[in-house]
Amino acid sequence: MSVGGEKTDRRTALKIISGTIAGLIVGGVVGYFSKPAERIVSTVVSTVTKTTTETITVTATAPPTTVVTTPATTVTPPTPPKYPPGLGPEDEPYLKAAYDLIDWIGGVTVLSPKELEEEVIHFVRASKPYRGQTLHIMYEAVPGAVWEEKNLGPWFEKITGIKLTWESMSNWETILKSIEDAKLKAGIYDLLGTDQDMNGFYIYHKSAVNITDLLKKKPELRPPHFDPEDFFLGASYSDSKGNLYALHAYNAFAGTVYIKDWFEDPENKKEFKKRYGYELKTPLEYYMTARKTGKVEDDWTTDKARDVAEFFTDPDKGIYGYITGVKPGDWLGWYIADGLDDCFQLADPAPEGKMPLEVTHIDGVSTPWAINVKGDVIGGASTKNGGRLDSEGGQAMYKWWLEDSLKFTSPKAYEIGIVEAHDAFKYDGIYATMWPYYFHWAPYLAAKDSAVRGKFEFAPYPVYAPYYHPRKPRGYIDPSGWIISAYSPRKEAAFLFAAFMTSKAVELKKNLEVGLPVRWSTMQDPRFKAMDDEWGKMITVVELAGKSHFGTDNDIGVIYPEILPLARDKGMEGLGAKMPGAEIAKYVAKAIDDYLKEKGWIGKKVGPL
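In this text, residue positions in the sequence shown follow the numbering used here: the first is 464, and each later residue adds one.
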């Protein structure tokens, strides 16, 4: 949904700069910010002489006298235009750009007009010492970052005078660049646009700036409405003490997507009940029923998902119950790590009184790859070494993805990867379900070129009933955004960039087009909530189940970039050798354990992080 055309008249509504500017209309001259600098009227101080002749008659003892008075009237010059504190005439181009930005944002922000003005003017003021610097930025080419480069990057340059260079790349390339940055300590990039998988790596290697410490040393950099408590993914980019190491600007909750019409069709419901012996509901309805009864058997489970996939598969009609992708590629490592192990709930529960989204580490078995990290000491992925990747649930996970699910999808699955499978669900319109599915695709599913527009709906992940626990991770959260290289010589300017991209000023406008925000204030805004039906109940699902989501455990994040290609390659080998899914689980788990032993990671204490 484009909101680019919505504007408000700033020159009518906005009269205060940072709460301190007054008297912008003085001496009959319109104030400074109502017109360009080159059109300000010059004031001329002039003296007007007025001559008055008056005859006064007095007594005879005094001769008549004519008195001439010439009073001088001085026109007081208008008060010079006032500027925000710390700014002056030399800042006029940046102030003008700031008000143009406010016009562009219009009312599409959670901030009041006064707060919006305060926030935007802050970036003009705080950037003054760093004008002329150039920031070198790399990022994973996900929709949010692409939108930021195109839409927010030019505004940042105009209001700050800080130049930007951009490089977009694949997820795996960002990981390689992050490793290179940590090894070389050269600060090739000032900012790395990456997801939370790497948070533990950055903290452990001290290759990312501790933003909390930076703001203690440089409090003048902190925007007036920075509000880190408003980020509802704080644990995904913090250490165990709550220090910020990233400012994530967009995220990807994951769950189930499905064609709602197929589930609600009376004939389908009748036939399903006859064949499987229980009622066909939508995945969201199953989930809502279980919330009321507290019984996992009423929930949207992996067994129900399997039945649904089988029921809707009819190649003669050109329809299928599921879509996935198993073409060789990185996803054969991260799709297990980033989602399926949370569907099968291989991790331990979050601590009592906490939900997964609220913590940086789950003691015991955690995600990804069901590796044991008890007491911040790395164990293994296999049950032999305390993990669960080759457990009953782990074997069921690999059996589903690399064996059973391929019975319920089209041959296309062998030709595409997981990212392309998201597109297939959108454009083909012939698949009943996909899980895990990333919710930030919602605006694109609702686009005019979508075959499922107006038909799709979201639900949480299915769960593996034998391993179910209400505080176990159920759903993956993968926010992406900006870390500042610890080796950048331009840390202050880099922080201003990251803060601008995640500011409350622009968050709502961005996410009415991009998808899911990272701030509760945007999530609760009526204009954002109004998109819920068009976006397939995405907002409803996040509000109901969001705290069950968990990202990559910080402790495992330390070794994430090493395990990812290994899990990918071993999964590809198993699939290529036509091994049963259960055997692939054992094969990958053993390979991870062998690698961790060889590199000295098993038994190594890496936290708390």
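Mixed in with the good hints there might be a few duds.
Below, in silico cross-link-like pairs of lysine-lysine (DSS-like), each with a Cα-Cα straight-line distance of 27 Å or less [stated by the list, open to error]:
hint	residue 1	residue 2
1	Lys918	Lys646
2	Lys733	Lys837
3	Lys669	Lys733
4	Lys847	Lys1053
5	Lys545	Lys704
6	Lys744	Lys837
7	Lys755	Lys1053
8	Lys837	Lys1000
9	Lys817	Lys758
10	Lys680	Lys669
11	Lys737	Lys918
12	Lys1067	Lys732
Ranges of calculated distance between the beta carbons of each label pair, as one might list FRET restraints [claimed, not checked]:
hint	residue 1	residue 2	range
13	Ala993	Lys736	31 to 37 Å
14	Asp566	Gly781	46 to 52 Å
15	Glu630	Lys669	49 to 55 Å
16	Lys679	Glu553	25 to 31 Å
17	Pro556	Gly827	41 to 47 Å
18	Asp1057	Ala993	27 to 33 Å
19	Asp676	Pro989	34 to 40 Å
20	Asp724	Asp676	49 to 55 Å
21	Glu1036	Asp995	31 to 37 Å
Hints were generated in silico from the structure; no laboratory data involved. Note that beta-carbon positions come from the ideal geometry of N, C-alpha and C, so glycine has one too.
We went through each hint and held it up to the structure:
no.: 1; hint: Lys918 - Lys646; result: violated, 49 Å
no.: 2; hint: Lys733 - Lys837; result: violated, 49 Å
no.: 3; hint: Lys669 - Lys733; result: violated, 59 Å
no.: 4; hint: Lys847 - Lys1053; result: holds, 9 Å
no.: 5; hint: Lys545 - Lys704; result: violated, 43 Å
no.: 6; hint: Lys744 - Lys837; result: violated, 39 Å
no.: 7; hint: Lys755 - Lys1053; result: violated, 41 Å
no.: 8; hint: Lys837 - Lys1000; result: violated, 37 Å
no.: 9; hint: Lys817 - Lys758; result: holds, 21 Å
no.: 10; hint: Lys680 - Lys669; result: holds, 18 Å
no.: 11; hint: Lys737 - Lys918; result: holds, 25 Å
no.: 12; hint: Lys1067 - Lys732; result: violated, 54 Å
no.: 13; hint: Ala993 - Lys736: 31 to 37 Å; result: holds, 36 Å
no.: 14; hint: Asp566 - Gly781: 46 to 52 Å; result: holds, 50 Å
no.: 15; hint: Glu630 - Lys669: 49 to 55 Å; result: violated, 24 Å
no.: 16; hint: Lys679 - Glu553: 25 to 31 Å; result: holds, 30 Å
no.: 17; hint: Pro556 - Gly827: 41 to 47 Å; result: violated, 57 Å
no.: 18; hint: Asp1057 - Ala993: 27 to 33 Å; result: violated, 53 Å
no.: 19; hint: Asp676 - Pro989: 34 to 40 Å; result: holds, 37 Å
no.: 20; hint: Asp724 - Asp676: 49 to 55 Å; result: holds, 53 Å
no.: 21; hint: Glu1036 - Asp995: 31 to 37 Å; result: violated, 43 Å
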